[in-house]
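*Asks:* All chains should be built: construct the whole structure from the sequences, respecting the hints.
As they're listed, the protein sequences go chains A and B.
Okay, so the first sequence: first residue is 37 according to our numbering, each after it adds one.
Okay, so the second sequence: first residue is -12 according to our numbering, each after it adds one.
It should be emphasised that the hints constitute simulated quantities derived from the structure, not laboratory data.
Keep in mind that a hint or two might mislead.
Below, a list of computed lysine-lysine pairs in the BS3-like style, where the Cα atoms sit at most 25 Å apart [stated by the list, open to error]: (1) B:Lys311 x B:Lys67; (2) B:Lys500 x A:Lys174; (3) A:Lys346 x A:Lys645; (4) A:Lys152 x B:Lys349; (5) B:Lys5 x A:Lys449; (6) B:Lys203 x B:Lys63; (7) A:Lys652 x A:Lys346; (8) B:Lys500 x A:Lys175; (9) A:Lys152 x A:Lys175; (10) B:Lys5 x A:Lys152; (11) B:Lys63 x B:Lys153; (12) B:Lys5 x B:Lys203; (13) A:Lys599 x A:Lys652; (14) B:Lys257 x B:Lys349; (15) A:Lys584 x A:Lys175.
As the structure is a prediction and not an experimental result, all values here were calculated from the model.
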Amino acid sequence: MSPLVEYQIGCDIGGTFTDVTAVDGTGTVYSDKSDTTPHDLSIGLLAALQNLAGRIGSDLSDVLAHTTRFVNGTTVVTNSVAELRGAKVGLLTTKGFGDSLLIARSARNAHRDHHKQLNLPQIVPRERVVEVTERIDKKGSRVVPLTETEARGAVDELVGSGVEAIAISLLWGFLEPAHEEMLASIVEKEHPEIFVSVASRLHPVIREYERTMTTVLNAFTGLRVAEYTGRIERELADRGLRVPVAFMQGFGGTLSAEEARDKPITLIDSGPAGGVIGSQALARRLGITDVVTADMGGTSFDVSVLQGTKPLVTERVMLRDQFLTALSKIDVLPIGAGGGSIAWIDARGIPQVGPHSAGAEPGPVCYGKGGSLPTVTDASAVLGFLDPKAFLGGRRELSVEPAREAIEREVAKPLGVDAVRGAAAIYRMVTANMSNAVRTVTVERGHDPRTFAMVAYGGALGIFGADIARTAGIKTVVIPAGAAVFSAYGLLNSDDVRTQARSAAWAGGDVSHVAAGLRELDGRLVGALKAAGHADDQIEVEWEGEFKYLGQQWELPVRIPRKADLTEADLEAAQAEFPALYEAEYGSGTAWTGAPIVLMSIRVTATGKVAALEPKPAELPATPPAVEPIGSRTVFLPLVGEETELKVYDAVAAPAGSEIAGPAVVDHPLTTIQVPPGWRLRVDEWSNYVLTDTASSTAPSTASSTASSTASSTAPTTEGASQ
Amino acid sequence: MTTAELADDPVTIEIFSKALQNIAHEMGVVMMRASGSPVIAEAVDFSTFISDAEGDIVCYAGYITLYMGTARQAVKHILKTTPREDIHPGDVFICNDPFTTGNAHQVDVGVVRPIFIGDEIVAWCWSEAHVNDFGGFAPGSMAPMATETYGEALRLPGVKIVSQGKIIDDIWRIIETNIRVPDIVLGDIRCFIAACNRCDDRINALVAEYGLDTYKRYIEVAKDLAAQAVRSRISELPNGVYTAVEYEEHNGHTNDIYPVKCTMTVEDEKLTFDFTESAPQTDGFVNCSAAITLGCVASPLLMTLFPDLPINQGTLRPIEVITKPGTICDVQMPAPVSSGHLETGLRVCRAVTRLLGEVQAKAADPFIRDHVMATWQDSWCAGFFYAPDENGALVPFPDMNGGSGGAGAQPIGDGMDVGGALAQPQNSLPDIEINEFAYPILYLWRRLNQNSGGPGKYRGGTGLDLAWTPWYTTGGQEHTMLSCWQVPPNGAFGGYPGTSSRFTLTNGAGADKALAEGRIPASLAELDAEPQALQGKQFGMIVLPGDVVTLRSGGGGGYGDPLEREPELVAADVRAGILTTHAAEVSYGVVVADGVANEAATAAARDRIRTERRSWAREDGLAVRRGPASERLVELGQWCSPREGVTFAEFADPETGALVRTEVLVAEDA
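*Replies:* Structural data, given as structure tokens:
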């Protein structure tokens, strides 16, 4: 096949839009989108692909026939959990412990308002939890063996209640899976139409609550994912796609449809993961090592950190702020600050923004779709950042006057200021909230933001990016080409990834059980990648152990060398490495010197490397080419506090290498970029917009200047701390 | 004053306040991540705060809100006892003394650090948590056998532990010598210091950003704004004087009853809580310091009346708490205190919850009305098992499942099941596997405590019902204590009380034998011997292999007449095993068969109950039924330990038969 007719396609199905991006063999990038169709996501997907084919100037069937990789990020699992719509699930669990999901380890949370301290919704109503007479103890000893009669009776009882899916999770089942396997085999043999989710297969690690919750959610989302993946594959194959569709996981990385059907819950929150993986590829291309990724959508602002271009992974993920799971996924911090976030005045008379959002419907007041409460987008419009006629490339006209009235009524009047200053108050408050979130993922975790660049994407962030960065102490903001479809683009850079953990206790001495566990997981995951078509030399495997000081609650991962003859010395080396990793995380002087370091569980992650097609860079002229403004706009600069006549530039017309000094506004069909005073924008060879802080580069901001002293001052034994 | 009249820009002040809040929060992050203690990381039993130069709170990351009074008193005491010229940058003080620095109990250890800009102290920060042990004659430093405080624990009244950045080794060695698990506890203290050091860095940066004068001014404005909002919220409440009495029971060695009486006065923009008429202090470990009484008043206030307002000294300015030295709410030397906040303190929470419910329900503002709640179980049910593991090493097992009482019901929904104590917002329980992994025990069951939530239109949260037997051990000693045993928590507005909490021990239960035979006992009735009901506090019981210990923690109070509860919700509770069909019928008048509420039978049952209520004796125009509390609760499928003089009264509208009010009453000589 000629490289000219090769495509890789990424498709991100979000809450509002379905975004698609294709790269061809020459490195040309095409993007388009369509409305998401919640009742049948494949309709929106196909519509977006039709649009994309139009841009390429080819038939969809022709494009799909020449597609060598197709990656899909989907909200189907995220939605299923968010809306609590899924299969009718039954749970088989140990006698005496059928109330575990109701007890929920006490569902108390950080909210002071007791209206937010309520019982959790139940995925499995208690009457569909069947207790099984069996008991295993901490040594894996079968204290009360499960009998065939008992197992059969329990399965029959659940099947009789009309369940579509069965979750099986027993106490200590991860240590001795025989009982769970007996139950599973009965269902699999006699009721093949029922989806089965088995805890010891899914996540064989101690802590029954989160293991059970994960197993139950897996069962809950299974049928929808099976139906969805089946339909997508069928529809695309019908239109000529010859490669299997790869599905994005929340952990980052993709897996096959078949595996997605087995572990559907791993698809949760794959959208945010796509953006982070895209940032990772972008950072590598631009030679940046430390990145804060920031995505501002309609309802939320999501931040994440890539250190050494590696995404951070968070374990024991809480879903919906309610369900504690054993899932691992890319660490993304969401806060309720998006374009649709609503501004209001609190009981003290102070303006606040979010977390309530006007969402897509009715949306901001200025969209004219019935919204009456002022939002962040309304503030941007009233301040003058948005061109009412050219918003979203002219696809939506903004009604600024009603937005002004809403801000006047809800915010400005109570504050005793005019509407524009009310809008500035909203702008400043939401900017502060967003930069606090950036601070949380950097400074609070011991990173110095001055060494980080921010990759800012999502339609609403072009205006705020530089102001957030300056408040947080970041000097460079990259607004990627195609910022509005960036998650779709990110999918194309995702490798194929399989990961699995299991309990494995070790505190010294014989390591044969740990080695056997690692080899077994390794064999299984590498096997899965080979089955998905990856050659040996494309597969990278990482072994980790979760270690902690004896007596502590939480573990930290330490690399374990991947070798067939793992020895005691290898684990002792990991033990020896632990204190330094611990102090890097918690501050020097915090290590529990003298306490034994114990291994609690092991994890294997296997990655099938995928060669993504690279976009083609433009030629850079020796001197920056001139770029002329296309007009001017009166904007009230909220951080400066005054009205200024700003030059307006056309982003698409600005050639590679051109530079624009702030203050200025740069209009792009899908986003508006603010270049504040003291910032410079440069269009790079890949059409990324790179903003640089030129004003404070010699005077580090105080918000960040303390990060470097953190490590030393947390130690009580060091002298003088910061004095 | 409104924000429109402020000299400073309210947005700037709020951005500043959020930066300050981030700092207190970041201290908490350091605490949680660096600590190994389950009490800190799992039960989130700690607090961090920042004060101004005088100790007035400017910011409080209230993981546990009842330490608000303590935090301030500690700084005040240090300022009073340490000459100013002896306080230097880099100093860190340690305090755990209920009598001087106002700590809840001695095993709650706080670390306090002055924050300097140049030579000037501009702030103080504090981090505090419950550590595993701080000496004294009881492991864990909560000493029910104590008759005076001297033997309870080592006490440190705000003394330097770090001087100008250098550890004062002498103090560390004194602590190390006096406590049981010094490695873990000293590790925790290091993490408190780390949190304070982090705060020092951050405050310095904040002052550098805003300038010292502006920093000081903004702190004052933020307090003023909070105070103003609190005043305006209080002005929505009808003026009046309201009284509630809660009862502390069993002081550790004597099963007496100690009234905690609170008189609340609402006067325009001011709220006063007067505890003067509470019982005199006792010679058991249940007494409470004035600082903790203040914190226990603040906790329900912050949840029900000010859930949307920030916490600083301004928030407390319109609130006055009056206590009388020498009472159970304002303990003086040398009475013991080591469980005061869990005992008398949680009764203070209950009294204030009730008073706020009464007065908030009369407000015009729906936000205030909807935030009423019924009282919580508010009983921390502590079980400690000390036994050797199979290698012979003695393993102390504090079962954190004790934080499992039900929450009070609300006008918008049921109380949370297994909510823990009101003042413990981020409570969580251990996994069964985590406890069995670490301790020599095997659980037989852990489930919701049936019928324990107070019946109501919205029911109280249920407690927990669990049983365990020694496992991989030759047996050991069990100690138990709980604070709500004979006097159940009240319902609100016609809701019924929650069930009380209780432990049992069954010696000779034969659980090991049953398991070996393939049976898993599922109730006390399936054990080989009669269970022994344990006292509110009971110590030194021998537990051998096969014996069974159970805890049934109680529920929260219900809200509203249970006859108004949607029959479908009652049926759902029956299907979930939260209610028995009997309780559904007698408490709710809902007849459930095969998991479904029978409409006609329910209507008839509800009529019958209303008719019966109308037949009750008349008192002041209401139909009233009175009787011993335990008998009535048992009739309703619930439970409290019987005690002479503890009665229960139900008040119904004589015309409609609607239940207006219920009340648990305790006779003066009870």
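*Asks:* Can you give the numbers of the hints that this structure goes against, from lowest to highest?
*Replies:* 9, 13
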